[in-house]
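Produce the entire structure from the sequences given, and follow the hints as far as they go.
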Amino acid sequence: MHPRPNSHLLRRGRYSEHGRAYLVTAVIHRRRPVFADWKVGRLLVAELKRANDSGQVKSLAWVVMPDHFHWLLQLIDNQLSRVIGATKARCTHSVNSKTGTCGPLWQNGFHDRAIRDNEDLLPFARYIIANPLRAGLVDRIGDYPLWNAEWL
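Take the UniProt record's numbering: the final residue in the sequence shown is number 152, and no numbers are missing along the way.
Hints were generated in silico from the structure; no laboratory data involved. Note that the structure is predicted; figures quoted are calculated from it, not measured. Be a bit skeptical, because a hint or two may be false.
If you anchor each label on the Cβ, the simulated ranges turn out as follows [as the list claims (entries may be wrong)]:
#, residue 1, residue 2, range
1, Gly103, Ala36, 13 to 21 Å
2, Ser16, Asp120, 18 to 26 Å
3, Gly100, His18, 38 to 46 Å
4, Thr25, Ala46, 15 to 23 Å
5, Cys102, Gly136, 29 to 37 Å
6, Asn118, Ala36, 32 to 40 Å
Glycine included, each C-beta is placed from N, C-alpha and C at the ideal position.
As structure tokens, this is what we get:
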């Protein structure tokens, strides 16, 4: 079995457009529930905020699930692959330092969907934020600490 079934296809044909909104999903290597510990999940949150604060992206909504994250962002500066790659790399370093582990944290690549200019972003944000509810992690989204949205 190929260790990365289709990850090598995720970059094919990818084009980054400044000002465009993207829905990005990245998954933990072997889907380990690393972020089930919310303190560890906060390390990823810090990196999402860092990308926003640096002016590379405008974070519209995100949620950190135990084994993956969803991020609705508007690309401001840089290439999408570079922003996501740097965010994942810094998160890996932080998580490995905190947990005393080493090695890969993330599956290679990520999934992204470019949002059309005329599409309303609010349904995408609601979909992202409802992930902990659909997964049965909480009964109310207010009880889940690893999410944010500019509208909610």
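Results of checking the hints against the structure:
For the hinted restraint 13 to 21 Å between glycine 103 and alanine 36, the CB-CB distance of approximately 19 Å keeps it satisfied. Here the CB-CB span from serine 16 to aspartate 120 is close to 22 Å, well matched to the stated 18 to 26 Å. One distance hint, 38 to 46 Å for the beta-carbon pair glycine 100 and histidine 18, holds here, with the actual separation near 39 Å. Between threonine 25 and alanine 46 the CB atoms are about 19 Å apart, so this pair conforms to the stated range of 15 to 23 Å.
The hinted window of 29 to 37 Å between cysteine 102 and glycine 136 holds, with their beta carbons roughly 32 Å apart. At about 38 Å, the CB distance of asparagine 118 to alanine 36 agrees with the hint of 32 to 40 Å.
Figure legend: structure checked against the earlier numbered hints; every hint is met.
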